[in-house]
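The chain contents come next:
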Amino acid sequence: MRRRLQANAGALTNYEVLEFLRGRGATSDPMGCLGAVTPSECKVYDWLVQTAACNQTKESIDEFLNKAEKFKLAKAEKLNIINLRPSNLAIIDPIIEYGEKRLAKDEAKGIDEVQELVGLVLEVLPPPPPRPEDEMQGQEEMPTEKPLEED
Amino acid sequence: MFYLSLIEHNLHLPPHLLNRPLVDAIKDELERLYLDKVITNLGLCISVYDIRSLEGGFIYPGEGSSTYKVVFRLLIFRPFIGEVICAKLKASDATGLHLTLGFFSDIHVPVHLLPKESEMGEDGIWVWKHEFGDLAMDLDEEVNVRVTKINYPSIPVEQDANAQPFAPMQIIGEIYGDGLGLISWWAD
Chain E
1 MRRRLQANAG
11 ALTNYEVLEF
21 LRGRGATSDP
31 MGCLGAVTPS
41 ECKVYDWLVQ
51 TAACNQTKES
61 IDEFLNKAEK
71 FKLAKAEKLN
81 IINLRPSNLA
91 IIDPIIEYGE
101 KRLAKDEAKG
111 IDEVQELVGL
121 VLEVLPPPPP
131 RPEDEMQGQE
141 EMPTEKPLEE
151 D
Chain P
152 MFYLSLIEHN
162 LHLPPHLLNR
172 PLVDAIKDEL
182 ERLYLDKVIT
192 NLGLCISVYD
202 IRSLEGGFIY
212 PGEGSSTYKV
222 VFRLLIFRPF
232 IGEVICAKLK
242 ASDATGLHLT
252 LGFFSDIHVP
262 VHLLPKESEM
272 GEDGIWVWKH
282 EFGDLAMDLD
292 EEVNVRVTKI
302 NYPSIPVEQD
312 ANAQPFAPMQ
322 IIGEIYGDGL
332 GLISWWAD
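Going down the list, the protein sequences come from chains E and P.
Per the numbering used here, the first sequence starts with residue 1, numbered consecutively.
Per the numbering used here, the second sequence starts with residue 152, numbered consecutively.
Source of the hints: derived by calculation from the structure; they are not laboratory data.
Keep in mind it's a predicted model, so treat the numbers as computed, not measured.
Just so it is clear, CB atoms sit at the ideal spot from N, CA and C, and this is done for glycine as well.
Misleading hints may appear alongside valid ones.
[Stated by the list, open to error] Simulated pairs of lysine-lysine, BS3-like, Cα-Cα distance not exceeding 30 Å:
{"#": "1", "chain 1": "E", "residue 1": "Lys78", "chain 2": "P", "residue 2": "Lys241"}
{"#": "2", "chain 1": "E", "residue 1": "Lys78", "chain 2": "E", "residue 2": "Lys58"}
{"#": "3", "chain 1": "E", "residue 1": "Lys75", "chain 2": "P", "residue 2": "Lys300"}
[What the hints assert, rightly or not] Residues of chain E clear of chain P, computed beta-carbon distances all greater than 12 Å:
{"#": "4", "residue": "Glu41"}
{"#": "5", "residue": "Lys43"}
{"#": "6", "residue": "Glu69"}
{"#": "7", "residue": "Glu77"}
[Stated by the list, open to error] Which chain E residues face chain P? A few, computed with CB under 10 Å, are given here:
{"#": "8", "residue": "Leu5"}
{"#": "9", "residue": "Gln6"}
{"#": "10", "residue": "Leu12"}
{"#": "11", "residue": "Leu21"}
{"#": "12", "residue": "Arg22"}
{"#": "13", "residue": "Gly25"}
{"#": "14", "residue": "Thr27"}
{"#": "15", "residue": "Ser28"}
{"#": "16", "residue": "Ala76"}
{"#": "17", "residue": "Leu84"}
Here chain P stands alone, though its shape is the one from the complex:
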């Protein structure tokens, strides 16, 4: 679920960082720009893995900062389609299940990707009614979910005051199939 991506960036190094060792200053500047941000179609940037090359250091006329061309690798979180992830059930409502990984909370299992005979109880908890009994999908349970799609919605222009915070990367998963769903269902 983690990848490395090779990126080239023309970085402006602000003058107040010029007294620090160069590589550290560049690394901090890259972390400030990339860490914890989602790049569309690439994923969530977790960390700057390493810096491959550094060129430049010219100061263009009219600017105070030096410009470097940096080639570096970023550690990206982006599960591949078809990957099975073990996530925790955070919330459950009429649209489906919401799962979290601690550092990433926008994993959604919509209603049509739940096991076939599932029904929602009054408290919002989904229950899988299969031939051998009922199995409830309680909160805070570990769930194996298979990734079907990753959406990168664009930033909304307007939002309701009490809407969910905007999620730049949304993973859609399914728990329809053998071995998927709560791991307590398949435990030895």
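So that you can see chain E by itself, here it is in the shape it has in the complex:
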């Protein structure tokens, strides 16, 4: 009845999946996407929208891939970096396998390739949208009104 011809016909970045769902008509509004996409696709869209993929563009991803050529990362590592957008050394550490051996770090000569890679990520890939909790905290800090002075 069913045969799988190619179990892995290509990996997609979160950005490409987001573009695909947007092209089908998914929006953040739950009522708006009833006709075009199924509720399960809507859930995937809602999750993707709050990751770093939301602000990415094809150009920024291409630029990142070109500039990251010199680090000789595996395809899976590049995909992971694009999806997760690690913003500091600690977070990029679990993504790169055997980072100490593959990426040079020589303090005497001032070479630190991992730091360069993080810098490249911060520069080329846009940051994820702010979390709703951060926005609410900003609103709570509104200045209190001065009490009206009475004659």
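Fit chain P to the given chain E structure using the hints.
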């Protein structure tokens, strides 16, 4: 974490769909069959990406539906082993942490893959006691977890009345290591 898979399927198109444009009817039928379902060793089917080829349309004797051989690509959710995912902490108990991605909720971090000096408090919240202080793994926090294994348990024949709903695809992850765990631990 998303892949495309090329699938060939012999599809029966029921007669009541024959008045619709062919490609739409086939797409709807494929979505009905595949969407939101887990295929063992392949992953969770999110969407029908495109239809590559369509053949057939014969009606076999004794049937009312026409049979098409469809070759199409499915968008599958299946993180690779070693991928780092950012998920939300949904529940915490004696077996470990349970994380969710909104559309997929069966990510489990068992106790032996938590940071080394972790202890569970009375309310079920795990706390990482390391040399510079205690860090609690509170609920609803964003967590970076590295995928170690994906299990596809077979459908149980019997289940307790109040057991967890059966999870056809279970991702086992670890938060043991630099950069993993709550992202607030590693924020600048």
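*asked:* lysine 78(E) and lysine 58(E) were given as a pair; does the straight-line alpha-carbon distance stay at or below 30 Å?
replied: holds, 15 Å
*asked:* Checking a non-interface call: every C-beta of chain P should be farther than 12 Å from the C-beta of lysine 43(E). Is that right?
replied: At about 4 Å from chain P, lysine 43(E) fails to clear the 12 Å cut-off, so the statement is violated.
*Taking 10 Å as the limit, does the beta-carbon of leucine 84(E) come near enough to a beta-carbon in chain P?*
For leucine 84(E), the interface hint holds, since the closest Cβ of chain P sits about 6 Å away, which is under 10 Å.
*Does lysine 78(E) pair with lysine 241(P) here, judged by a C-alpha cut-off of 30 Å?*
Given pair lysine 78(E), lysine 241(P) holds - Cα atoms ~28 Å apart, limit 30 Å.
*Can we confirm that no CB of chain P comes within 12 Å of the CB of glutamate 69(E)?*
The claim holds: glutamate 69(E) sits with its nearest Cβ about 21 Å from chain P, beyond 12 Å.
*Can the hint on alanine 76(E) be confirmed by a CB-to-CB distance to chain P that is less than 10 Å?*
holds, 6 Å
*Using Cβ atoms only, decide whether arginine 22(E) comes closer than 10 Å to chain P, and label the hint accordingly.*
violated, 12 Å
*Are all beta-carbon distances from glutamate 77(E) to chain P longer than 12 Å?*
At roughly 9 Å from the nearest Cβ of chain P, glutamate 77(E) sits no farther out than 12 Å, so the non-interface label is violated.
*asked:* Given glycine 25(E) as an interface hint, is its Cβ closer than 10 Å to any Cβ of chain P?
replied: It is violated, given that the least Cβ distance between glycine 25(E) and chain P is near 12 Å, above 10 Å.
*Going by Cβ atoms, does glutamate 41(E) stay more than 12 Å from chain P at every point?*
violated, 6 Å
_Hint check, serine 28(E) versus chain P [nearest Cβ-Cβ separation less than 10 Å]_ = Violated. Min distance 13 Å.
*asked:* Quick check on threonine 27(E) please, does its C-beta sit within 10 Å of some C-beta on chain P?
replied: Result: violated, 16 Å to nearest chain P Cβ.
Comparing the model with each numbered hint stated earlier shows that hints 4, 5, 7, 12, 13, 14, 15 do not hold.
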